[in-house]
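Take the two lone chains, each set in its own frame, and fit them into one complex as the hints suggest.
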Amino acid sequence: MRYDAHPPLGHPEAAGWVLGALDEAEAGAFGAHLWSCARCQAEVSELEEVAKALDRPVPATEPPPGLQARVLAAVRQASQAGRPAR
Amino acid sequence: MVALAGTEGQIAAEEARLVARIAAGDTGAPAAELYRRYGRRLYRFGLELLGDGRLAEEMVQECFVRLCRDAGRFDASQGIGGGYLFALARSSAARGGGRAQQADDADQILDSLVVREALDALSPAHGDVLRLAQDEGLTQAQIAGRLGLPAGTVRTRMFYGMQVLRSALTERRVLAGRGGHAV
Numbered sequence: 001m002r003y004d005a006h007p008p009l010g011h012p013e014a015a016g017w018v019l020g021a022l023d024e025a026e027a028g029a030f031g032a033h034l035w036s037c038a039r040c041q042a043e044v045s046e047l048e049e050v051a052k053a054l055d056r057p058v059p060a061t062e063p064p065p066g067l068q069a070r071v072l073a074a075v076r077q078a079s080q081a082g083r084p085a086r
Numbered sequence: 001m002v003a004l005a006g007t008e009g010q011i012a013a014e015e016a017r018l019v020a021r022i023a024a025g026d027t028g029a030p031a032a033e034l035y036r037r038y039g040r041r042l043y044r045f046g047l048e049l050l051g052d053g054r055l056a057e058e059m060v061q062e063c064f065v066r067l068c069r070d071a072g073r074f075d076a077s078q079g080i081g082g083g084y085l086f087a088l089a090r091s092s093a094a095r096g097g098g099r100a101q102q103a104d105d106a107d108q109i110l111d112s113l114v115v116r117e118a119l120d121a122l123s124p125a126h127g128d129v130l131r132l133a134q135d136e137g138l139t140q141a142q143i144a145g146r147l148g149l150p151a152g153t154v155r156t157r158m159f160y161g162m163q164v165l166r167s168a169l170t171e172r173r174v175l176a177g178r179g180g181h182a183v
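From first to last, the protein sequence lines stand for chains A and B.
The first sequence begins at 1 in this note's numbering and counts up one residue at a time.
The second sequence begins at 1 in this note's numbering and counts up one residue at a time.
Chain B with its partners taken away, still in its complex shape (with noise of 0.2 Å):
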């Protein structure tokens, strides 16, 4: 049902694999792997931590350079890239007088960052009942009387729900353990 193991080490390998072809110089199919991973995250991440649109989009640019630059200089067999582009991000706010300099809020961010994803790729079906607890306050008598469902199905749907966030968040944490830098 949720996809819980294995997970996070799958996504280790492939992004050393992805690392290790951008230092070996193919940087075209690996990057825009990588921007098709994280260019939307690293993009609203920027945007929050330095409250405008240009400059974060300068940030997402820089840190892909530096990635792609960077990879050559490292053990690209071990290296995670989305944790690299986030640690660039994080610095290079840092440098630029960013809002949210405290690493602890950063990490706020990109929990709040990564949830929200994966409620946004949630089904709308287990969305909704999420969005509508979370952001309308509602119970889950309130909400299967609004979407006229039986309460079971919502009690079901807003579990399976907030299992497939937790994972999500879980698997941002391991990596950026892992990597030593937040995904």
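Chain A on its own, in the form it takes in the complex (with noise of 0.2 Å):
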């Protein structure tokens, strides 16, 4: 039987489960045996967050090539201003 053996990561089905990505066939056999398996149904639960952190549209924009060194400019002012004069 194919899901006999838990390999230490879990089985690779899982991961076509929880993105929708397993054939009929697939999805039958692997949801029999998520069915009785408290282990596969952690790691299915742990995969769905990753699935439904992924589904949400997030932006892809670059920032501004010059925001790095006004940040650093901004940061290096706030600290001068911060010390005592010696």
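These are computed hints drawn from the structure, not numbers from a lab.
None of the values given here were measured: they were computed from a predicted structure.
Please note: incorrect hints may appear among the correct ones.
[What the hints assert, rightly or not] Pulled from the structure, derived: some chain B residues nowhere near chain A, Cβ distances all over 10 Å: (1) A16; (2) R17; (3) A20; (4) G39; (5) E48; (6) Q61; (7) D75; (8) S91; (9) S92; (10) A94; (11) Q108; (12) S123; (13) P150; (14) A176.
[To be verified] Selected chain B positions facing chain A (Cβ under 7 Å, derived; list incomplete): (15) T27; (16) R131; (17) Q134; (18) M158; (19) L165; (20) S167.
All C-beta atoms, glycine included, are put in the ideal place defined by N, C-alpha and C.
Structure, rendered in structure tokens:
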């Protein structure tokens, strides 16, 4: 039986399961195993958090090229302003 | 294969050292290192929370200035720089009437930013498999056909990729718990 032994990091099918990427037969077989396997249920639950995070669109915009220099200059200035004069 | 254990402790220790150097007045290289690590994520977080590039830039700058100013007030040897930066960002966005003022929503935005960064950092071989499943809704068999790969290779790459993303998400949450703030 394919799901008898647990690989250390879990069954590879768990990733396809949470992404909805298994075909019908694979999903059926893995689902039947999942039904009675607490370890795989925990694994799937953690991977579902990843899938949920992937699902939410977030900005992919790069910061403007000059931002780093401006930030570091502001930090330097604030640091000097906050120190007692020698 | 996947770096899981020990990473969070190492990052927390590195950042405590960076914060300690900033507290001691060395703002140059340590601040640059924190910017390298978190500048992009912080900017994108600001964009999502505030919906405006100019405001996001101001927020990033304000967060770094405050981190450097506050580093000397707290126990620098315990300070996780990234955690504090994002705590400042949330408070700054809430004050500025950000779109996502709910803490849960801000957490979800951070989760998504971290996971997308981890996806972008994967090799194309692993990243493409995940993108085709996630963004185009393809099954492993369809991905195998599209990329001309054996189905077993697609399954393994998808598994490996998801483990790396999970590890990134776990790391963020562990560091958030340690510092008391979301990284």
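Hint check:
no.: 1; hint: A16; in the structure: holds (18 Å)
no.: 2; hint: R17; in the structure: holds (17 Å)
no.: 3; hint: A20; in the structure: holds (15 Å)
no.: 4; hint: G39; in the structure: violated (6 Å)
no.: 5; hint: E48; in the structure: violated (6 Å)
no.: 6; hint: Q61; in the structure: violated (5 Å)
no.: 7; hint: D75; in the structure: holds (18 Å)
no.: 8; hint: S91; in the structure: holds (18 Å)
no.: 9; hint: S92; in the structure: holds (14 Å)
no.: 10; hint: A94; in the structure: holds (19 Å)
no.: 11; hint: Q108; in the structure: violated (6 Å)
no.: 12; hint: S123; in the structure: holds (16 Å)
no.: 13; hint: P150; in the structure: holds (13 Å)
no.: 14; hint: A176; in the structure: holds (14 Å)
no.: 15; hint: T27; in the structure: holds (4 Å)
no.: 16; hint: R131; in the structure: violated (9 Å)
no.: 17; hint: Q134; in the structure: holds (5 Å)
no.: 18; hint: M158; in the structure: holds (5 Å)
no.: 19; hint: L165; in the structure: holds (5 Å)
no.: 20; hint: S167; in the structure: violated (10 Å)
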